[in-house]
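Listed in order, the protein sequences are those of chains A and B.
For the first sequence, the UniProt record's numbering assigns the number 1 to the initial residue and increments by one for each residue that follows.
For the second sequence, the UniProt record's numbering assigns the number 1 to the initial residue and increments by one for each residue that follows.
Read the hints as simulated data drawn from the structure, not as lab findings.
Incorrect hints may have been included.
Said to hold, decoys possible - 20 Å max Cα-Cα, derived SDA-like pairs, lysine to any residue:
no., chain 1, residue 1, chain 2, residue 2
1, A, LYS239, A, PHE254
2, A, LYS239, B, ALA62
3, A, LYS239, B, ASP61
Please read these numbers as outputs of a predicted model, since none were measured by experiment.
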Amino acid sequence: MPPRSCEVCNTARAQILRPKNHARICAPCFISIFESEIASTITSAQLFHPGERIAIGASGGKDSTVLASVLKTLNDRLHWNLDLVLLSVDEGITGYRDHSLEAVKRHSAQYGLPLKIVSYADLYGWSMDQVVAQIGKKGNCTYCGVFRRQALDRGAAMLGVGHVVTGHNADDASETILMNLLRGDLPRLSRSTNIVTSTPSQAKRKGGEGQVTFTDVKRSKPLMYAYEKEIVMYAHYKKLDYFSTECIYSPEAFRGSARTLIKNLERIRPESILDIIQSGIDMAKLVPDAEGNRKGAGDDQASTRAPRPEDEPNEGGCGSSNSQSAGSEMAEMEAKLTQDSRAEETGTETEITLPIKPTPHTLQPHAHQPTPSGPPNAVLTLDPKAQNHDRHTHTHTHTHTHPTTTTLPLRTIQTQTNPANKPAPPKQRLGHCTRCGYLSSQSICKACMLLEGLNKARPRTGIEV
Amino acid sequence: MEKTANPITLQVEFTTDTKGQPSNVAFLTTWLCDHLMKDPRKEMFVLEGSVRPGVLVLINDADWELEGEEKYELQSGDEIVFVSTLHGG
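Full structure from sequences and hints, please.
Below, the structure written as structure tokens:
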């Protein structure tokens, strides 16, 4: 095959076939395009405020290494004045995390970013090695996952940082969407499509800036639209030093299958990955949240309600015409929802009537363009031209020209077996764990429940910060 | 030749190819699997006779998809890199 030249600069030899649009480009053009796309994701989703302190969840693996490198580069280049720090969680897995943390320490020195490491042993009194010694290899991922979520929040709070970014990429996002689809877990599917997945505190921030509590940490995924392939390519061409190995404890079998499926699909049709995310975002609009509001409906109103754990309203892909709903319609919706939630308490099946609006005057073609969330002081934005997220072809085409009503049957998840997914009454939803104070819809959070089990063989210890 | 993700670099010399098969990338991967790979989990590298989806292949620092993938015929001095994306970030 004769070497082709780069489609962008037309001079250098093409080195990459881009999965999203089949463009053949050279490494220098790729690096510059990759960086500008991440910048565009950040600015169009208004993820950061100028001068904001951001903790980068750093594992030493490819994704977080690329995230740290790109953020550092963009921050310097575009003068965002972000105050970046690296935040690592030491799960206490000998032969795995100890090695990857060495990579993070090198990044800290290399990028001149301070590093904070929080360990499970310090936070919970249990390292994963000890947990596995106690409970065995089966099911230990549950402990690790529950502990990690809190650990990052607590680490951020210790640093006084209110925002943690993680290296989740497009492949991860599509895997998660697919897994939730296969489990029939639409509420979680809906949440997994958000680029901001925060655990904002119900309590208002006291004293404004400076004081950050661990229940008040925002989470976001700036690499959510970046292909894993391109992340690895970026790391390769930038010669980034990252640690790569598998966790020595049991892998998540179900995720593994979803992953294999995604990778196989990618080989045949690379666009599938971004298309699954887009489908997830579109499906999410049809899923009522705990308050019964569809994401696609009434973004403006969302900001007036209290946020809840893992359910930040209106970020990500809410830019479709659906969001332009009228007030009266919202009221109608609210009424309907009250009805629905009553129905949900008694049964597991309900029917949602989705009012479809007339075609608005302007269609917003870019699904990833979010509506501004609340009234932030200032956000990092680019000119609208640059905000185009580069999904190559996707546009929303609403063909309805007359107001009409569609009825969708919606099977809700079995709420009895999984109370966490049940849209709970507000009082319960706004709760904190009575032991450690972490956000929880139950009186005792998951981490404390797990610890209780572990500690039966030991003198009791609580979570200490 | 190199296998990153805890990089392993090695030089391979082929004198003649076996049974007149073309010395292309498909031949190389099969050969690596049969002769050099000690890990029993061969399916993490080659699956159903071809490189497992999720393992990136670079031929002289370019995406192998631009070079003809498994049909690319090896030239003397070529650098082939395999990067697995299959484990944790």
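Status of the hints after comparison with the structure:
1. Between the alpha carbons of LYS239 (chain A) and PHE254 (chain A) the distance comes to roughly 32 Å, so the proposed pair goes past 20 Å and is violated.
2. About 15 Å separates the Cα atoms of LYS239 (chain A) and ALA62 (chain B), which keeps this hinted pair within 20 Å; it holds.
3. Under the criterion of a C-alpha separation no larger than 20 Å, the hint pairing LYS239 (chain A) with ASP61 (chain B) is consistent with the structure, at around 12 Å.
Comparing the model with each earlier hint shows a violation of hint 1 alone; every other hint is respected.
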